[in-house]
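Per the numbering used here, the sequence shown starts with residue 4, numbered consecutively.
FYI, nobody ran anything at the bench for these hints, they're computed from the structure. Among the clues, some could well be false.
Ranges between beta-carbon positions, derived for each pair [to be verified]:
(1) Q374 x G111: 50 to 60 angstroms
(2) G372 x P19: 50 to 60 angstroms
(3) G33 x R103: 44 to 54 angstroms
(4) P397 x F155: 31 to 41 angstroms
(5) N56 x F143: 19 to 29 angstroms
(6) F130 x G373: 41 to 51 angstroms
(7) N56 x G372: 49 to 59 angstroms
Model, not experiment: these values are computed from the prediction. Think of the CB as a built atom: it goes at the ideal place given N, C-alpha and C, for glycine as much as any other residue.
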Amino acid sequence: SLEPLLDLLREVVEGPASSVEFVPHQVWLGEAEAFAEKVRSDASENKVFLLENMSAFPEELGERRVIRQVLPEADRQSSPTPNSVDGSSNVPTLSTSFVRMPWASREGWAKRSFSFLMPDILVQDSFSAACEDLTLHTGFWPTAPQRYIGPFIEAELAAFIEALGLPFKGGDAGDDPLATEASGADNAGEGDGPRIPAPLLAVIGGGGFGGSHGEEVLFRKLELLIGLSKLARHEQDGLSIALGGELAVAVLACAMGVGVGKLGSYASKVSMKTAVTETLLEVLKDGEVTLRVPTDFVCQEVRIASPSREGAVSPDPPEPKKGKKGRESPAPSPPPPPVEPPALKDKTFAIGPAIAQAAQTPILLGFVGGQECFLRVDAEKGLLTLAAGEPPPPPLMPSP
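Construct the complete structure from the given sequences, taking the supplied hints into account.
Following this line, the structure appears as structure tokens:
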């Protein structure tokens, strides 16, 4: 409950607020219309109403707790008896689980709960709460309030930007969020030696593109890649994005025709290949972003066990057959003892030569400003950049 914070809140708002009142759920929900009239009346000017903690509602958190009775394994076939003859008990135990609620139910609850009150503004001033997907913070319904961040989050973001030395400032630092050219020149002149470029490195991976909704997942990942590339406008030395996981496999397969491992159905669809090439063009067209793809993969050898060699359990030996004169044939020899297979070891396979071979033919991504744009490939380092106007020279084969 938030009621113990009432006295502390009175001390904080003393002066600007004429009064502070605690409102339990029974009041603002049970008497919603009357409470809404009270809040919106002119007599409530400069008054603070502290509502009870919203986390009591599962619709706000997005999870509902479900409690079930579970019988012991041995007693599931019989009815539960609290006390048996031998003194044992098979009383069912309680099993607790949490079920995720759909957003339609959560937003419908918010719409009904605030149908009379209809707040205009929600100020979020807790960094930890802002990182959670609470309904009141992230849900959308017709009368949802406008969301704003408070001064504590502003101060924390400003301290974070200052600690990282990013070339822009927080929203409360002035109209121009970008750093001035003078400050950039001062930073560039630090030290006696020449300045070493230091581009921002971002790593993006992920997978799940081979499932039933794999194409949709890949589309969302490509949108994330485009959004991540927009950080380059705030970086003095540009942005370098390293692709990993199945995302790198999808880019190599759809844009360059380099197949690595087991590919999903997306690799053979023209729509997915077009989406990947258009994403590469959008990311690389300004020349401020460099993409990196893996030049080798670490794989594990998979062996198919042989029943005779790997010591598989053989069926029962056949009964001895009797000969023509009633004599039994000799019993078959026992199977050989099982042989332990050698331990599997990771192996590194270089794909740089395959990337260089695929780039021997110019890879056209599209057109920008009426010019043809091709993919420039450095197969040894795994770098992808853009070449406008004329096709780039074929990449050199990486050294073994």
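Mind listing which of the numbered hints don't hold for this structure, in increasing order? Failing hints, ascending: 3, 4.
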